[in-house]
Amino acid sequence: TCGTTKLLLAIPPILELANSLSLPVESVNYSRGSFIFPDAQPAPHRNFAEEVAVLNGYFGNLASGGEAYVIGDPAVPNRNWHVYSASQKSSEKKSKAVVTLEMCMTGLDKEKASVFFKKSEDYTAKEMTKLSGIDNILPSFEICDFDFDPCGYSMNAIDGQAFSTIHVTPEDGFSYASYEAMGFDTEAVDFESLIKRVLSCFGPTEFSVAITYDGEVQSWGENAAVKGYACENQVKQELPGGGCILYKCFSATDKELAYADKGMEYGSSSPKSTLHCWEDVMMEDECVMEKIVMGSSLVSSVIMA
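In this note's numbering, the protein residues as written are 1376 to 1680.
Don't take every hint at face value.
To be verified - Pairs of lysine to aspartate or glutamate, DMTMM-like flavour, derived with a Cα cap of 20 angstroms:
#, residue 1, residue 2
1, K1464, E1401
2, K1381, E1401
3, K1602, D1565
4, K1505, E1486
5, K1611, E1597
To be verified - Derived DEER-like restraints, expressed as beta-carbon distance ranges:
#, residue 1, residue 2, range
6, D1547, E1607, 20 to 26 angstroms
7, G1603, L1396, 42 to 48 angstroms
8, E1496, P1388, 32 to 38 angstroms
9, S1397, P1449, 43 to 49 angstroms
10, A1600, S1495, 38 to 44 angstroms
Hints are computed from structural coordinates only; laboratory data are not their basis.
Ideal Cβ positions, reconstructed from N, Cα and C, are used throughout, including at glycine.
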């Protein structure tokens, strides 16, 4: 998120609704990048250790127990990927693999970002969706979009059991966009083409991709290249109960992209400032042993009680 989050507060009503339908929890995955504004986050998101403690309170009793990972390049801690996973470890193979794609993009192209500023009272989210090209990312999806005043955009989209979501903060200096899609047919959707369509909407200088494979198919997007960007590191981490996560970080090699908005820095105390405080993030997680996978070397994370 470009600002603050309260996502874990949604767990109790979700579990209550599931219980009303007699649906027990089979597995849970929680993932996020490094917060751009960690000091601005409310409980229980003040640090990853706190998030893990809350998640273990709900899901630590599953057969696998809760496992947490901090994945990425130790030299670039502000681009780490945080993952919590727990599962009943069912021995039954899933009839169809489910793939989740998550992208975090920073340093958006200023012209592309300008689409997400309110130009007038009658300038709507639907116009932003069309002008940005978002409606062409997965054309079969039905989109419900929303614009913010004076700027910003979000949307949710569905196509059968598949969904996608986008959030955009276009302000120069800390511009950011996220894209997520899940449940789509990986045989019909080409990784490189999908990533290209997303990037064409935002033109970021840097972005990360996290692909979670829940099932047998675990190669979609693994060896793909992205034109105009260099893959700086790639990590693959097995998850409890089967499946795995692939995490890749990219930086622009194209000169025009490289000189786009690069003012935003991670670790700010509020959405209006851009001061580093990664030292605080490192101190927060003294109870987390990081195992980071970099290239072919394994780096995973284990949570200590």
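> Can you name, in rising order, the numbers of the hints this structure does not satisfy?
Replying inline: As far as the earlier hints go, only 2 is violated by this structure.
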